[in-house]
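What follows is the residue order along each chain.
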Amino acid sequence: MSDTLLTIDGISVKYGSIEALHEVSMSVKRGDIVSLIGANGAGKSTLLKAVMAQVPLSSGSITFEGNEICSTKKHGRTTHQLASLGMALVPEGRHVFADMTVEENLDMGAFLVRDSKEIDRKKEEMFDFFPILSQRRKQKTRSLSGGEQQMMAIARALMSSPKLLLLDEPGLGLAPLIVQDIFHKIRKINEEDKVTVFLVEQNARMALKNSTTGYVIETGNIVLSDTSENLLNNEKVKAAYLGE
Amino acid sequence: MVNFLQLIIIYAGIYALMAIGQNCITGYTGMLSLCHAGFFCIGSYATAILCKDFGFSFWASLPIAAIASGILGFLIGVPTLRLKGDYLCIATLGLGEIIRTVATNLNPVGYQSVPRAMLFGYQFSARNKVQFILLIWAFVLIFYILFQQLAHSRLGRAMAAIREDEVAAQSNGINVTKYKIGAFVLGAAIGGVAGCFMTAYTQTVNPSSFTFMVSVMVLCMVVLGGMGNGKAVILGALIVQFISYFPQLVGLSSVIPAQATQIIYGLCLVVLMIWRPQGLLGRDKYRYGDPRSTKERLVGFFKRNPEKKGGRA
Numbered sequence: 001m002s003d004t005l006l007t008i009d010g011i012s013v014k015y016g017s018i019e020a021l022h023e024v025s026m027s028v029k030r031g032d033i034v035s036l037i038g039a040n041g042a043g044k045s046t047l048l049k050a051v052m053a054q055v056p057l058s059s060g061s062i063t064f065e066g067n068e069i070c071s072t073k074k075h076g077r078t079t080h081q082l083a084s085l086g087m088a089l090v091p092e093g094r095h096v097f098a099d100m101t102v103e104e105n106l107d108m109g110a111f112l113v114r115d116s117k118e119i120d121r122k123k124e125e126m127f128d129f130f131p132i133l134s135q136r137r138k139q140k141t142r143s144l145s146g147g148e149q150q151m152m153a154i155a156r157a158l159m160s161s162p163k164l165l166l167l168d169e170p171g172l173g174l175a176p177l178i179v180q181d182i183f184h185k186i187r188k189i190n191e192e193d194k195v196t197v198f199l200v201e202q203n204a205r206m207a208l209k210n211s212t213t214g215y216v217i218e219t220g221n222i223v224l225s226d227t228s229e230n231l232l233n234n235e236k237v238k239a240a241y242l243g244e
Numbered sequence: 001m002v003n004f005l006q007l008i009i010i011y012a013g014i015y016a017l018m019a020i021g022q023n024c025i026t027g028y029t030g031m032l033s034l035c036h037a038g039f040f041c042i043g044s045y046a047t048a049i050l051c052k053d054f055g056f057s058f059w060a061s062l063p064i065a066a067i068a069s070g071i072l073g074f075l076i077g078v079p080t081l082r083l084k085g086d087y088l089c090i091a092t093l094g095l096g097e098i099i100r101t102v103a104t105n106l107n108p109v110g111y112q113s114v115p116r117a118m119l120f121g122y123q124f125s126a127r128n129k130v131q132f133i134l135l136i137w138a139f140v141l142i143f144y145i146l147f148q149q150l151a152h153s154r155l156g157r158a159m160a161a162i163r164e165d166e167v168a169a170q171s172n173g174i175n176v177t178k179y180k181i182g183a184f185v186l187g188a189a190i191g192g193v194a195g196c197f198m199t200a201y202t203q204t205v206n207p208s209s210f211t212f213m214v215s216v217m218v219l220c221m222v223v224l225g226g227m228g229n230g231k232a233v234i235l236g237a238l239i240v241q242f243i244s245y246f247p248q249l250v251g252l253s254s255v256i257p258a259q260a261t262q263i264i265y266g267l268c269l270v271v272l273m274i275w276r277p278q279g280l281l282g283r284d285k286y287r288y289g290d291p292r293s294t295k296e297r298l299v300g301f302f303k304r305n306p307e308k309k310g311g312r313a
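Chains A and B supply the protein sequences, listed in that same order. Just so you know, we're using our numbering here: the first sequence kicks off at 1 and counts up by one. Just so you know, we're using our numbering here: the second sequence kicks off at 1 and counts up by one.
Everything labelled a hint here was simulated from the structure, so no lab data went into it. Mixed in with the good hints there might be a few duds.
[What the hints assert, rightly or not] The calculated lysine-lysine pairs, modelled on DSS-like cross-linking and capped at a C-alpha distance of 27 Å, are:
| id | chain 1 | residue 1 | chain 2 | residue 2 |
| --- | --- | --- | --- | --- |
| 1 | A | K163 | B | K178 |
| 2 | A | K236 | A | K163 |
| 3 | B | K231 | A | K138 |
Just so we're clear, the structure is a prediction, and the values are computed from it rather than from any experiment.
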């Protein structure tokens, strides 16, 4: 299975005595956009955190490009090591460097890139791709709108030319039109730059419309997995998440 | 009077070195630590013991003092890594006090008549203050330039990222653990250098001079001048030193009680926090995008290049 980029194999995560994830298994194929949808508290963000080694696993393992990156053993990789393997996370709530300008934020994103010419080239690419950021390049990120900050967070994650882009609720707290714009950009990144995308989202319709494969998570268990198209037409999903 | 002013300038120089170290930990990396008195203490003792008991020269003891403090910084940095904000502050405060208590219990009188510093056969004595001023401020300048370079390097960039947002820093591939400890070690080492100069100047070491108030004063200098700004913390050191010797300076030490100076700089901090929370000079501008090499920047630093004024369009 060389076309599988990320494999999650039966992972469980516990917060104290509460099990947030129960033996979750899923896989992300190279070149795909995979979306994970679910309600509040279903364990979406926990799953992403587990993938990025920000919470410890109580069972199971995670494999990236055939290498085991996380398991219950203690000597797992740390978040920054995963970044150097080619996984870039856009954290929930964006986590921008608010007191730095857009350009400085992008410089930070390219921390692992040591060639300054490559950084400049990548920055121009980002400014071409997100024209609004180009207008704001000398502005402090604090003064950007929510949508602009989200775009900047995505651009920052792309600066290191990752193989896998992980997005935690990219549409959180944004106006519907902006959300549409952001998902449009995500698709373009996937098509043009061949970056595999794994996103976690509450906005089920938007996520499924813009992805190839979908997973549905409920109280720590994956309850459904199919192509996004099938999920959009699934009666259960329609009733529970799409309000139809 | 002139003599006394010179004394203040010497002390300000020593404290400026400490403030540079504190700035590395608090200003650049955003870790609120309160144990600079501990690093200062280790540096002072290292120099005193090496010079007096082992016959080292001042210059040989200087790097050893820095290394000893750096090791201590590492030892303090590792266990307190997971702590943030006020928790880190309290933990480091405790560790600073431990160092002082250990020093007091090992040798309550400290060391007297430590040999003087020599340079090319010339002896730096406490009586000739001008030479000492030149010596100490030369070191302040060296460390200022070094840390200015550091702040604008890859290392400085990582430290700024950690200060701004740890989660984001990690996701961008920055090894938070490594750089946090690095900042602690560097900051501590400069504290040790300051201690070394203190011993060389006063020729005595006494455990009672490394109290918690010293750490607070150093932190005040950094906050007063402006966190993350090399020039500002040196200015902060000068101001705080002048304030603390103010009663003696105006010859009113019999009228104004010694505690009044603490009230004055407490008041200064309160006023500052209300009107200028970023400190007198504020944070230094980031220059990570600066394509100039280190050498070009150094030349620019001494030339005060005109492009700086006109170029900002």
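Legend entry - 27 Å Cα cutoff - pair A/K163, B/K178: Satisfied, since the Cα-Cα distance of roughly 25 Å is no more than 27 Å.
Inset, instruction - Take the C-alpha atoms of A/K236 and A/K163, compute the straight-line distance between them, and say whether it is at most 27 Å. - result: Violated, at about 33 Å.
Inset, instruction - Decide if the proposed pair is consistent with the structure: B/K231 and A/K138, CA atoms, cutoff 27 Å inclusive. - result: holds (24 Å)
Comparing the model with each earlier hint shows a violation of hint 2 alone; every other hint is respected.
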